[in-house]
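Starting from the known structure of chain L, arrange chain U on it as the hints suggest.
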Amino acid sequence: MLFDTTQLALERAIEGAGRRHEALAANLANANTPGYQRVDVEFHGALASAIGSREALDELSFAPTRDASAGAVRADGGTVDVDAESARLAANALEHQAAVQVAHARIGILKAAMGTGV
Amino acid sequence: MSLFGGLEISASALTAERLRMDVVAENLANAQTTRGADGRPYRRKEVVLQERPGSFGASLSTAMNRGGGGVQAAAIVEDQTPLKRVYDPGHPDADAEGYVAMPNVDTVTEMVDLIGAQRAYEANVTAMQAAKQMFARTLELLR
Numbered sequence: 001m002l003f004d005t006t007q008l009a010l011e012r013a014i015e016g017a018g019r020r021h022e023a024l025a026a027n028l029a030n031a032n033t034p035g036y037q038r039v040d041v042e043f044h045g046a047l048a049s050a051i052g053s054r055e056a057l058d059e060l061s062f063a064p065t066r067d068a069s070a071g072a073v074r075a076d077g078g079t080v081d082v083d084a085e086s087a088r089l090a091a092n093a094l095e096h097q098a099a100v101q102v103a104h105a106r107i108g109i110l111k112a113a114m115g116t117g118v
Numbered sequence: 001m002s003l004f005g006g007l008e009i010s011a012s013a014l015t016a017e018r019l020r021m022d023v024v025a026e027n028l029a030n031a032q033t034t035r036g037a038d039g040r041p042y043r044r045k046e047v048v049l050q051e052r053p054g055s056f057g058a059s060l061s062t063a064m065n066r067g068g069g070g071v072q073a074a075a076i077v078e079d080q081t082p083l084k085r086v087y088d089p090g091h092p093d094a095d096a097e098g099y100v101a102m103p104n105v106d107t108v109t110e111m112v113d114l115i116g117a118q119r120a121y122e123a124n125v126t127a128m129q130a131a132k133q134m135f136a137r138t139l140e141l142l143r
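Chains as they are written, first to last, in our numbering: chain L, 1 to 118; chain U, 1 to 143.
The following block holds chain U by itself, in its conformation from the complex:
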């Protein structure tokens, strides 16, 4: 059913954008973490989004993937930019020179990412509402 497909596509985007917000939250929470899961300083994580292969219109279009199946997270990758070196000799993780390797998390970048994900989420909610209204109106043909 065509319009339910629209809802599904928007739902995939809501999932993806929410994941982005979750990762931003994780980055912010670990902005000062010098001992991550692997014992090394935490590295900023980033979601890589990918177009989901299209299923809608499959009966109409050729075998060629024309897209339109929504979005999915391809991977969560670690940002490989250098860690920040902060002089703090009293820190238990300080090296011989007194420097501590701090996570490469920039609070401003994270906040901008958060706003971007939030706005994208809202845009997709609007698309979902439009799909819902279109479906309801089509149903009115039966009245």
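Here chain L stands alone, though its shape is the one from the complex:
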């Protein structure tokens, strides 16, 4: 196999961060929706337990779930805190960038080994 499970895990991390971005963007979109309960994609835990196993990594799915633990920050029951949501969004984008850069570097190593240059 050309790519090991680490590379696969990086790919799934990139995908998970992409999914999480959608959930966080949906929260920001619904910041003014009465009674809206925020959603999130908890991909870290699932990814961590799947690392090392190709099958487990293949089967990972990143579905958004309602965050029942979030307290209401609006009188109408909405649980979206725009500041916290923006911070999560920025952190998630950085995580995504980190995974992409590591994946890129590893592909570069493969290219170097194949003699095609970085």
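Calculated directly from the structure, the hints in this document are not laboratory data. Bear in mind that the values here come from a model prediction, so they are computed numbers and not experimental data. Among the hints, erroneous ones may be present.
To be verified - So, partial list: chain U residues that the calculated Cβ filter (under 8 Å) puts toward chain L:
{"id": "1", "residue": "5"}
{"id": "2", "residue": "13"}
{"id": "3", "residue": "71"}
{"id": "4", "residue": "127"}
{"id": "5", "residue": "138"}
The beta-carbon is built from N, C-alpha and C at its ideal position, and this holds for glycine as well.
Relative to chain L, chain U alone:
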């Protein structure tokens, strides 16, 4: 495609927040209108936002709607608070006692709504920029 979904979600919010700004503008423009479209004094309008049923992750999640499809305007409703009664006997729409029913538009409330919509718009533009950058970076894997 995951990241394009993110752009679409943020775009739905831009549309919704812009509609809120439009309605605020309409309210401010009609703050003194005693003859609305129905011939009665203008009533303040308000946008009711609603979560748009989620389509993203549909292939992964169950049939249960987990949300995350952005936002949409459910309705534009009229504010049913009482109209302001202003004493102005010379006004053509004054009643027998000389009072005119003026729209229930409060300029301060409208300005606060406008600022809220504007800031929400900006937050969603930021989310859109983040989605764009993430997509561009992922593309760099091909280089």
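To see whether the hints hold, each was checked on the structure:
no., hint, in the structure
1, 5, "holds, 5 Å"
2, 13, "holds, 3 Å"
3, 71, "holds, 4 Å"
4, 127, "holds, 5 Å"
5, 138, "holds, 6 Å"
Violated hints for the displayed structure: none, as all numbered hints are satisfied.
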